[in-house]
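Trainee: These are the residues of each chain, in order.
Protein chains: 2
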Amino acid sequence: MIRAALDLLSQSGLSGLGINQVVEASAAPRGSLYHFFPGGKLELAAAALEEAARFEGNWFRGVFQTSEPIASKVQLLFTDAANNFESTGFAKGCPVAATALDLASDSQSLRPVCRAIFFSWEDIIAKGLDEVPEAERLQVAELILATLEGALILARAEATKEPLLRAGGTLGEMIGRKYPAMS
Amino acid sequence: MIRAALDLLSQSGLSGLGINQVVEASAAPRGSLYHFFPGGKLELAAAALEEAARFEGNWFRGVFQTSEPIASKVQLLFTDAANNFESTGFAKGCPVAATALDLASDSQSLRPVCRAIFFSWEDIIAKGLDEVPEAERLQVAELILATLEGALILARAEATKEPLLRAGGTLGEMIGRKYPAMS
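First to last, the protein sequences are chains G and P.
Just so we're aligned: the first sequence equals residues 2 to 184 in our numbering.
Just so we're aligned: the second sequence equals residues 2 to 184 in our numbering.
Chain G extracted, bound-state conformation:
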């Protein structure tokens, strides 16, 4: 059920996450959904976002814990994202971003969930920015995450992976220029 919910969130945000669709996609009985998620759609969405947080967090960790120079890490992140986006048929973006942009008065409970996930990702990225002075790491990590999320939007609108490749190339080069490898 969580997997089905995550797929729906990644494709069309909260608008796409209907209880009926989850039941249909997961082939789980409707009763079990309300058994595990008595809070219904919003509780299921929160669980799905936490799952995405772990999964994508591990991905960020894998990229930023390498010993590559900072420009290569940034470019690898965007290349990975581009290939992953392509493998979904250009149909699935970041479920956290899609949820954040769909937040309405009846879904405010998901705002702190989205916020905490973005913070945790920025923290993981910041820890791998060896060339950046510690006081600037979180700010650079935030820029990388913002650009990744924005490039995913442009890629979604174009149905190509090119915006991710281009933005990652340009951003990586600029960050590498500002923070050259320590020797």
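Any given hint could turn out to be false.
Claimed, not checked - Okay, derived cross-link-like pairs now, DMTMM-like style, lysine to aspartate or glutamate, Cα gap no bigger than 20 Å in a straight line:
{"#": "1", "chain 1": "G", "residue 1": "K179", "chain 2": "P", "residue 2": "E174"}
{"#": "2", "chain 1": "P", "residue 1": "K179", "chain 2": "P", "residue 2": "E135"}
{"#": "3", "chain 1": "P", "residue 1": "K93", "chain 2": "G", "residue 2": "D107"}
{"#": "4", "chain 1": "G", "residue 1": "K93", "chain 2": "P", "residue 2": "D107"}
{"#": "5", "chain 1": "G", "residue 1": "K179", "chain 2": "P", "residue 2": "E137"}
I should point out that these hints are in silico values taken from the structure, not numbers from a laboratory.
None of the values given here were measured: they were computed from a predicted structure.
Add chain P to chain G, keeping to what the hints say.
Mentor: Chain P alone, transformed into the frame defined by chain G:
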């Protein structure tokens, strides 16, 4: 009706754009909505996005046609966006981004609309990047737009304008460092 539709799209994407809500918010009779937009919700959404395209395009033009150095233009763009976002009570993002992330199989007709709007904005930004060699302008413009859209997502999740101010400051500084003012 277009104004009401745009408000709803900016707040919660396609999921928030219901015909009932538009009728309620605009106080227009339901019949007139189908008179002007026989295609219903998707046709109304397209018209609202075109309205946003013009409005935000004029804003980009105003920022990038000044004679400020490139770093200042970028920072002004993000400061403007931050203040505007704050004035909506941190509730309204970019309607085109929200729509792009909500695209599903029944709303594919809006994809080329989103794509064309993003291209038109990149074109406007690129024209104001005087310090950047012409062959690189579109790529830098795309990076600026991607970062703006992504920072708006982070700001939405935090319900503060800080991510916009920080991302704009960092990105502007990096772009200015790579493309110093011509003398």
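Trainee: Going through the numbered hints above, which ones does this structure break? Give me the numbers in ascending order.
Mentor: none
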